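Note that the protein sequences, when read in sequence, are chains A and B. As numbered in the working numbering, residues 16 to 101 make up the first sequence, in order. As numbered in the working numbering, residues -7 to 569 make up the second sequence, in order.
The hints are simulated quantities; they were obtained by calculation from the structure and are not laboratory data. Heads up, some of the hints might be wrong.
To be verified - Label pairs and their computed distance ranges (CB to CB): (1) A:Gln69 / B:Asp191: 23 to 29 Å; (2) A:Ser36 / B:Gln195: 16 to 22 Å; (3) B:Ile318 / A:Glu79: 48 to 54 Å.
Said to hold, decoys possible - Here chain A is said to cover these stretches of chain B; the calculated rule only asks that three of the stretch's residues, wherever they fall, bring their Cβ under 8 Å from a Cβ of chain A: (4) 213 to 222; (5) 259 to 271.
If you're wondering where the values come from, they're calculated on a predicted model, not measured in any experiment. Note that CB positions come from ideal geometry on N, CA and C, so glycine has one too.
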Amino acid sequence: MARINAILLALVLLSALAAVSTNHRARKLVTEYEREQQRMRALEVEWGQLQLEQSTWATHARIEQIAREKLGMHAPKAGQVISAAP
Amino acid sequence: MKMTRSPLLDERLPAWRAHFVMGLLLLGSLALVGRSLYLQSINKDFLIGKGESRYERVIEMPATRGRILDRHGDVLAMSTPVKSIWAIPEDAKLTPAQERALAGLLDMDTRELSRKLAGERDFVFLKRQIAPDVAERVADLKLPGLHFQNEYRRYYPTGEVTSHMLGFTGAEDVGQEGIELAMNNQLAGKPGSRRVIKDRRGQIVEDVESIHVPQEGKDTVLALDAKLQFLAYSQLKQVLEERKAKAGGIVIIDAKNGEVLALANLPTYNPNNRTHLSGAQLRNRAFTDTFEPGSTFKPFTIALALEKGNVRFDTPINTSPGKLTIGPATISDAHPHGILTVAQVIQKSSNVGAAKMALAMPSEDMWKMFDSLGFGQPLKMGFPGEAGGRLRPWKHWRPIEQATMAYGHGISVTLIQLARAYQAFARDGDVLPLSLSRVEVEPALGARVFSAQTAREVRTMLEMVVQPGGTAPKAQVPGYRAAGKTGTAHKLEGGRYANKYVASFVGFAPASDPRLIVAVMIDEPSVGSYYGGDVAAPVFSTVMAGALRTLGIAPDDTLKPLLMANVPSVPPAKEEM
């Protein structure tokens, strides 16, 4: 009788310890998950800012100015356009 | 064994004393049971709440406002998180060195900063909407009494080019004008919140529940083509500067599906910096301002006359002597033309010719046509402040009114209404509802106004307008067959026609299979000519040429030397007013 009790006691202790450690691990994972989520949000914000920056650089007014002034380009005159039949 | 007896023990105690003690003990335990009952059941929620508040936190989950994209996915408007810095002046006791450092980071005047911090108020915004990295550097200074608040700021990369179309949002990121207001429900996100457990170090260790799931704002894809928009805007701006005009508007519509590809107005404003705004800058003229369209209205009158079978393409109309008296009023042409065919009435833009054709028709029919073209009522596109224009009920028309309406006076329209109505000619007689957002499924047929036969005939007449001998050779588009109509209208001021003009041109190309409709309106051109054929037609030509090339639409005309207004052999006709 006493032996069975001792074994049961040991099992209870073991399972209690396992519960504690599992809970701890779960919390650690949640923390990690939250940190990654935060990183995701930060990256999203950065992506948004990069998108804005890109569209600011790619403003048509700026492209036209560079094409005309820096690269000396101009729109083709009507006679310069050759259209290929499909 | 002999025992001495104590007399004290012999004394009998009264029974009530034992009962009294027992009673006290009982009362005590009852009080305990009562207390525990109170704590466990009656006061339970309060205590649990108190306990949870020691380790549970409710976190706000912000939602971003949706982006506005053009038809190709280019960003036109976007929200990005920023920080606002506020301070409690009583707590923020800064050394002069700290103040200088802070002012430097915030790009502020040091004196202004110290004035703000010296104020009597309990709360003062030092600077709103600063970039997050700047806010971080400020936070690194670890100054006392400074606090940060998360906010969103909306940016418009295309700036003043798209400002009237997009509108803007207010401080709380709520739409106030344009698309931002019209589609606010779709764009706006709903912030949410959730309950979590945090540990001693402030890290989240358990997700308890989400209270409100945040809803991110949905992106809106417009029909707008940023390239065409810039083209239209820059050409309009150029002509306004050249002609020193007061205002102007331009609209590009896809004739195939009713999409609004570009819409620009001047004067305009920069939506990213709205510190000095005037009403004139804010006005979205294409939608909210009505004007008397003038001769751009003649094709409708003539189409109706063709439709009714009153006249044919080549029926001669006697416009001699260039005057027509109706009751007390007289309609006149600037140049007497003698006998013109119906087609030439359009080509030379004769008021008398148009008025004569109108007077041969019942006023009810004219009203019905104007109504089915969408005049006299707002287009109901959901755009804020849409105007309907003035179209009086036909029962009250006097003959002189019917005659002037034939050439676009005594009636008022918005530029977008006019552009939409020209669908009737650019398409085979039907008009589609316009769409601000991208149309995914090609619409079949719109509301029919004219028969296909009539629409094609008017299209041919409108082609003659841009040819030599018409009022707008400057509207020619090299490589394409263009068609359109000029308008030059006196402006109404206080009920009288003043010596101020609105020059306009509405047209479409390629005429063999019209794809784009461009409508241009220039308000009060004051340098050089004020005729629609001289002011508005060249804008139409450059914008149409650029737009057709951008969209890769095949030329439908052989190249011929561009015939300009000053070719001596055929003098261009002058617009009537």
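Checked hints:
{"no.": "1", "hint": "A:Gln69 / B:Asp191: 23 to 29 Å", "in the structure": "40 Å, violated"}
{"no.": "2", "hint": "A:Ser36 / B:Gln195: 16 to 22 Å", "in the structure": "18 Å, holds"}
{"no.": "3", "hint": "B:Ile318 / A:Glu79: 48 to 54 Å", "in the structure": "51 Å, holds"}
{"no.": "4", "hint": "213 to 222", "in the structure": "holds (count 3)"}
{"no.": "5", "hint": "259 to 271", "in the structure": "violated (count 0)"}
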